[in-house]
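Protein chains in written order, with this note's numbering: chain A, 432 to 1196; chain B, 432 to 1196.
Because the hints were derived from the structure by calculation, they are not lab data. A portion of the hints provided could be inaccurate.
Any copy will do: because identical chains look the same in the list, a pair fits if it lies in one copy or spans two.
Said to hold, decoys possible - Result set (DSBU-like, lysine-lysine): computed pairs, CA atoms no more than 30 Å apart in a straight line:
{"#": "1", "residue 1": "Lys1073", "residue 2": "Lys895"}
{"#": "2", "residue 1": "Lys607", "residue 2": "Lys1118"}
{"#": "3", "residue 1": "Lys1063", "residue 2": "Lys828"}
{"#": "4", "residue 1": "Lys1022", "residue 2": "Lys895"}
{"#": "5", "residue 1": "Lys980", "residue 2": "Lys895"}
{"#": "6", "residue 1": "Lys1023", "residue 2": "Lys895"}
{"#": "7", "residue 1": "Lys735", "residue 2": "Lys1022"}
{"#": "8", "residue 1": "Lys1063", "residue 2": "Lys460"}
2 protein chains.
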Amino acid sequence: MSADVMSRSIIGTSVRRNDLLGKVTGDAKYVADMQMPGLLHGKTLRSNVAHARIKRIDTRRALALPGVKAVLTHLNVPRVLHAGSPHPRSASVTCDQYILDDKVRYWGESVAVVAATTEEIAEEALGLIEVEYEALPAVFTVEDALRPGAPLIHDRGPGGNLVLEPVVYTRGDVAKGFAEADLILEGEYEGGRPTPAYMEPNVCACQWDGNGNLTVWISTQTAFMVRGIMAEVLGLPLHKVRVLVDHMGGGFGAKQDLFQTEFLCALLARETCRPVRMEFSREETFLGGRSRHPAKVWLKQGFKKDGTLTARQARVVFNSGAYGSHGPGVTIVGTSALTSLYRCENIHLEGRCVYTNSPIAGAYRGYGVVQTYYALDIQMDEAAVALGIDPAELKLKNAVREGDIAPSNHPLIGHGLEDCVRRGQQEVGWAALRGRERTTTGALRRGWGIGCEMHGSSAYPGIKEQGNAIVKMNEDGTVVLLTGTAGLGTGAHTALAQIVAEELGVPFENVSVVHGDTDVVPWDIGAFASHTTFMGGRAAQMAATEVKKQLLVRAAGQLEVSADALQVRDGAISVVGTDRSITVRDAVCAKKGIPAAQFVGSATYYPTKSYSFAAHFVEVEVDTETGQIEVKQVVPVHEIGKVIHPVGAAGQIEGGIQQGIGHTLYEDYQIDLRTGRSLNANFVDYKMPLSMDMPPIHTVILETAPDPGGPFGAKGVGEDPIVAIGPAIANAIFDAIGVRFRHYPIKPEQVLQGLAAQQTSRSPA
Amino acid sequence: MSADVMSRSIIGTSVRRNDLLGKVTGDAKYVADMQMPGLLHGKTLRSNVAHARIKRIDTRRALALPGVKAVLTHLNVPRVLHAGSPHPRSASVTCDQYILDDKVRYWGESVAVVAATTEEIAEEALGLIEVEYEALPAVFTVEDALRPGAPLIHDRGPGGNLVLEPVVYTRGDVAKGFAEADLILEGEYEGGRPTPAYMEPNVCACQWDGNGNLTVWISTQTAFMVRGIMAEVLGLPLHKVRVLVDHMGGGFGAKQDLFQTEFLCALLARETCRPVRMEFSREETFLGGRSRHPAKVWLKQGFKKDGTLTARQARVVFNSGAYGSHGPGVTIVGTSALTSLYRCENIHLEGRCVYTNSPIAGAYRGYGVVQTYYALDIQMDEAAVALGIDPAELKLKNAVREGDIAPSNHPLIGHGLEDCVRRGQQEVGWAALRGRERTTTGALRRGWGIGCEMHGSSAYPGIKEQGNAIVKMNEDGTVVLLTGTAGLGTGAHTALAQIVAEELGVPFENVSVVHGDTDVVPWDIGAFASHTTFMGGRAAQMAATEVKKQLLVRAAGQLEVSADALQVRDGAISVVGTDRSITVRDAVCAKKGIPAAQFVGSATYYPTKSYSFAAHFVEVEVDTETGQIEVKQVVPVHEIGKVIHPVGAAGQIEGGIQQGIGHTLYEDYQIDLRTGRSLNANFVDYKMPLSMDMPPIHTVILETAPDPGGPFGAKGVGEDPIVAIGPAIANAIFDAIGVRFRHYPIKPEQVLQGLAAQQTSRSPA
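Required output: the full structure, derived from the provided sequences and hints.
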């Protein structure tokens, strides 16, 4: 271990999170907690049809209700087309949404909004709005939407109900690859509609000041993108829109979007000259929120007898719902992910994204890759069975290695995936497990499965990203980091403060973080793509380096040595190899209260992409009488470069596994396929695993492939854990009961059906 | 006029102030307007004795009053010695104040504070606090305080009741100078106790969060200094104290201090775990605020027959009141000012500052110079009369010139003073006025007088100052300036935005200013010493230059030329001498919504000092029957380098003249010289000139001596106008009625007494 590494004291330590006390004491304020003088409450009337034109809308009775201050419909809001998702703003195909339209495209779409003095009055007023619809034929499945003559949901895009032109990735020659194969497997894999189900419902509050400046308080992952779209849609220059985000109760990708609400909230506030807050009910987080894209993945692969992959072909179709949102990005990232993970020279992939009259799908942790790797990693398991090879060994044989070209077109660093699988094998005693005698307890069957994944930190090359930071040192040596990164609740700002403290050689407690104010902090693209610590953290480190340079130059003058001879640690600047030192405070402050100079550093970091890896080893127990599946234990092994905050990283992993167990076994936001009506938009009918449902998780974090681009070598960990858990569970179920499931969620009734079918096929004809 | 000068479009234009609409509509929020959930109101019990020990203080009845949440006295607050004034924090002699002490040193000093749910309950609770004092002998005048055996007000400082060791300035040989003189004049001049009487009473609100961070909302000129002292006294690191200032209703120097209230407010908030606001009543702005230092200036000068000054000797004594506050600074600046204005080779000056049991004097526009130049400029007028020389010519003969050494030990730029006097002579037709026939209308007598001054922008060399700024460009080319400068209501942030807009070639409206948040903006020493536009403005310009450089490098790539070939104006970057150009927006934004790079500039400016000059020509009318003095017109001529905002500069000048008329003719905060009791702590008994009392003011602004250190050559104008008006009025009164007044305020009864004495002396014995 080098001296440099040895001297690190803050990086790699699970310091107390800087948002902890506020959250524990309830002192941390969320947008819903804000008390503002004169605040009005906005509520949304949502359509009870899936596809229709609004023939007539009458708001007079609502407006007459005492306490109602304004009602907006498509008749009195600006008709501006915009991208509901700020993310791929250059992809005009997703510029498909109006603030309010005279057409509704899914059951639950916003039709009108009311601002009133209380939530109750606003709610009552919604009931007084009369809407007459002219029904249009609706389609809910991608098959129906792609059928010739299907009703068109939008009159834009590449044609039909396609959100974008199909994406195609080709490598080598698949026909040749399949011709060389000893074994060809082919199957259709299907993903349901889980939702992120964040604790804090979507909320925003808007206020205009006397100078025509708009302030927006909002729970968002992408404050600057919100600013940009709000300014564009409302016709304001950027410096007249201030977006403020403090604490957030989760986002998981979905809080990148704008949900119509924000524009309407701003317009209600302008109309009434009062602050207005709009907060989603839990039901509305389903109706007006974003789910993961339901997907169908047709996947075909060829293998040599020894397990070598010879060809891979796939057709991926994502159901975008009524609007495009992140559809293009998800299609690109999800489909192109199939170029990697397991090496293959002959590849042909097609990805499609399709409008339907279903709830809007958007960005959600895993971003298309959950769906495609679910297919890929289950099919690898199928191949292992068919070839009679240990699935771990099959995956190791084909695992991407150092130097392989990633979907981002960059050579990978380190043998991350291999390291994860091998370490997992050790941890669970894989060899012994493979050879074990299966013990069964009554109807209970146990099995083990493996899921693998790799995931990039940053949205490069799809988006040319940049991380930015300003670091300033106070005159007592304490430090302020100004960052545009968002804190979704993951502890990102703790990690960034650690990085700055480490770089500047000051105690972690001496660094405070200013964030969530677009007027103040440097630009940031938002928190997504697992890039906050990687990209924002590196920018913070670079800005801190800048301040350190200034500090050492100053101290060099005071200590009468060259700045090169100095080091800073624990708040003291010392001459290396001597006992001569001064405190950081004395270097900063010339005279009591007056800094000797300004110690301010500003930095921009343009990342490419680094990849993190994981292998999840999962044990399940299936009750063959009830069909119940219980995950008994998970051993997730993650390679994420240098770990900044071990407990925080482990928390991300455990949380991702919990969500992954959810979408694999329980969660599916369902609609009536005749009417499009939402069936389970609440936490009673939409089942999620609770803490008591969680198995023991024995997390192992490897640091074998640090990325020189990340701060101190760190890479992202945000999305990885949700990807590998799904196929690991499906593979473990197969290991337990011999029934292969190629979809999620896998429900008890399907287990029973599967067992019954297995029984039938095994019985003599 | 150079091309560079010609191309300026924003500098020198009276753009609409960026705080205008908010202030006109009432939308601008001051600390007193803030509504905070759970807010408690703090009130202060003030002593009704001038000098005493507190023998007993009983708060039990107050605490028992329903609604009272906390009561603090010297018995339950930390005993920390601090400087009430943050300004000369290194001058330990003024570290003379406790948060609350067991001794009171003037009538009206804080003795206890109460926090309650309403202001009324807090007020009622004050009446329930029992205090038993042990009286100590008190002194109210500097003579009494300096008398041997006088009661000691503090047990610190250099001894006796001196606030600091006397300051001495010597040049040449005064004895020799007086020996060479044909005329020696000697007199004692005296200044009263005017107060700044800002519209917005002192106010602060404090709140602690769950992480132990303190937020302070306060009307202050020196947010970072407040942060520093609050942190020190409360034992917090700087990054745990956030000081917020938005709009201010004036400060005039006095809002540099801490008024005990701030610490007490923070302690009440900590004690009650609730936000607490403390707002001074109008009476308290007198009792607990800061006045100008009452002063006595003994001045002796020698002249040759032709008017040449041969020697100047002075003893200046400032009455600091019960605490030191800005006493040292005022003594140094006020006394050393007598080294300049009128050239003299032989000088000996002594300055003293003395504790008394009087209200606390502090910083107030003019900062000691009002008092000493009042003496100097009246004595120059006396000399002119005695020598039979036109006073304008006598002043011109001795006026400081380019290259003369200023009190800051820097050579002066330009013949600023001479320019002002000569221009004033032209404006008023001085030669004709001198030779005119005096017309009298009944008892009314008219006269003209001249007052001169020079005043430095920045506190250099007393304080090693620095201006700081961060400029960032949004992705649509709009701009944010982050500055620590304070906006007292003078339009400083408009001037700074103009400077940034000019430098970046974008419209003024495209620049917004973030200020008043110590967590966010770069460090600033505060708004005083007429340095905001000069120093803060220059830093803003430098930061903008930095951004411009980045922008031109980017545009050079796009336009495929060298950055040197580019200019930016009106939001467009063009190749000089061609019609090729791109918009700033296109240079900034690579892709819709994503900036091509970060355009952030940070700059620090270490100023020395620049001097502005003024000559005020004033006409007064004296009613010899009533003694009433009416200022009929003022022709202020100011040399302030490049003017950024003409209307703003003129506003400063007019406001200064109004305050100067006030202190010269009306304003005097008085105490009972037996008990120390305040006599006129309200706007009924403390008279100020109202708008209807104001004469026509024909302001002339010269730009003859721009300072290369200032932004575009600008210098300060904040303090200048209040200095010259006083002696101009006194000299005009002499011109009108032949009675010489050597003090302020000059009251009607004194005019009548003076006329009576004149009559007596003229009557044959």
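Verification of the supplied hints:
When the C-alpha separation of Lys1073 and Lys895 is checked against a cutoff of 30 Å, the pair qualifies only within one copy, where the shortest distance is 24 Å, while the shortest distance between copies is 44 Å. Taking identical chains as interchangeable, the C-alpha atoms of Lys607 and Lys1118 are never at most 30 Å apart, the minima being 46 Å within one chain and 100 Å between chains. In this assembly of identical chains, Lys1063 and Lys828 lie within 30 Å of each other by CA distance solely inside one copy; the values are 28 Å within and 99 Å between copies. Proximity of Lys1022 to Lys895 under the C-alpha cut-off of 30 Å is restricted to the inter-copy arrangement: shortest distance 9 Å between copies versus 45 Å within a copy.
In the homo-oligomer, the alpha carbons of Lys980 and Lys895 lie at most 30 Å apart both inside one protomer (29 Å) and across protomers (22 Å), since each shortest distance falls under that limit. In this homomeric assembly, Lys1023 and Lys895 come within 30 Å of each other (Cα to Cα) only across copies, at 12 Å, whereas the closest approach inside a single copy is 45 Å. In this assembly of identical chains, Lys735 and Lys1022 lie within 30 Å of each other by CA distance neither inside one copy nor across copies; the values are 76 Å within and 46 Å between. Taking the closest pair of Cα atoms, Lys1063 and Lys460 never come within 30 Å of each other, the shortest separation being 37 Å inside a single copy and 58 Å across copies.
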